[in-house]
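Asks: Sequence:
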Amino acid sequence: MVLALSTAAAPAARAADSDASKIAVTHEMIAAWKAADWRKVADLFAEDGVLHSMMVEPVVGRPAIYERIAALGKGAPGGVVLDVAHMGVIDGLVFIERTDRYVYNGHAGATPVVGVLDIRDGKVREWREYYDRAALLRDMGVTTEADPVAKK
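With the working numbering, the residue at position 113 of the sequence shown is 113, and numbering never jumps.
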């Protein structure tokens, strides 16, 4: 009986990690950013997930990710539109080429980004972001003096 249960669970685990399921999680994430649902954004990460904008130190753990995103989200109560140009799965990772569109504290911005998501068991284990940080901060109306992360 135990063998039968473990064998039956294996296909379900593999199905949760299919390319289609990874794309579905990514679409959930995109919708949560647009809706400014910062709790949902964080909840889509694994408990020990990592959000890493490559120009700064990674944010590790769902609580820290929520804290960071919710703090930034206060400046963008209308959400962030992730305008996807291309999305696909390569070697098990989701790649998203996109432009993030937002109004942050009254400053409209459009930032080209490439994101790479490692999604396993229906949760984001790691999300790596590649973009021009100086252009992002400029579009947000943030000076490096006002940005504690940029000052480091």
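Hint data in this document are derived by calculation from the structure and do not stem from the laboratory.
The beta carbon of each residue, even a glycine, is placed where N, CA and C say it ideally should be.
Among the hints, erroneous ones may be present.
Said to hold, decoys possible - Between beta-carbon pairs, the in silico distance windows are:
| id | residue 1 | residue 2 | range |
| --- | --- | --- | --- |
| 1 | Ala85 | Ala108 | 14 to 22 Å |
| 2 | Glu47 | Ala71 | 18 to 26 Å |
| 3 | His86 | Ala31 | 13 to 21 Å |
| 4 | Ala134 | Ser21 | 29 to 37 Å |
| 5 | Thr99 | Thr143 | 21 to 29 Å |
| 6 | Ala85 | Asp37 | 37 to 45 Å |
| 7 | Asp83 | Ala24 | 16 to 24 Å |
Unchecked claim - Calculated cross-link-like contacts (lysine-lysine; reagent style DSBU-like; alpha-carbon spacing at most 35 Å):
| id | residue 1 | residue 2 |
| --- | --- | --- |
| 8 | Lys34 | Lys123 |
| 9 | Lys40 | Lys74 |
| 10 | Lys34 | Lys74 |
| 11 | Lys123 | Lys74 |
| 12 | Lys40 | Lys123 |
Asks: It remains to establish, for every hint, whether it holds in the given structure.
Replies: Here is what the structure says about each hint:
As the Cβ distance of Ala85 to Ala108 is approximately 19 Å, the hint placing it in 14 to 22 Å holds. Between Glu47 and Ala71 the beta carbons are some 20 Å apart, a value that agrees with the proposed interval 18 to 26 Å. Here the CB-CB span from His86 to Ala31 is close to 18 Å, well matched to the stated 13 to 21 Å. Checking the proposed 29 to 37 Å range against Ala134 and Ser21 shows it holds: the Cβ atoms sit about 36 Å from each other.
Thr99 and Thr143 have their C-beta atoms about 23 Å apart, which keeps the hinted 21 to 29 Å range intact. Between Ala85 and Asp37 the beta carbon distance is about 23 Å. The supplied range of 37 to 45 Å is therefore violated. Roughly 19 Å separates the CB atoms of Asp83 and Ala24, a value that falls within the hinted 16 to 24 Å. In summary, the hint linking Lys34 to Lys123 is supported, as the alpha carbons are separated by about 19 Å, within the 35 Å threshold.
For a cut-off of 35 Å, the pair hint linking Lys40 to Lys74 stands: about 15 Å separates their Cα positions. For the proposed pair Lys34 and Lys74, the alpha carbon gap of about 14 Å is at most 35 Å, so the pair holds. Using a Cα cut-off of 35 Å, the hinted pair Lys123 and Lys74 holds, with the two alpha carbons roughly 24 Å apart. Straight-line distance between C-alpha atoms of Lys40 and Lys123 comes to about 12 Å, which keeps the hinted pair within the 35 Å bound.
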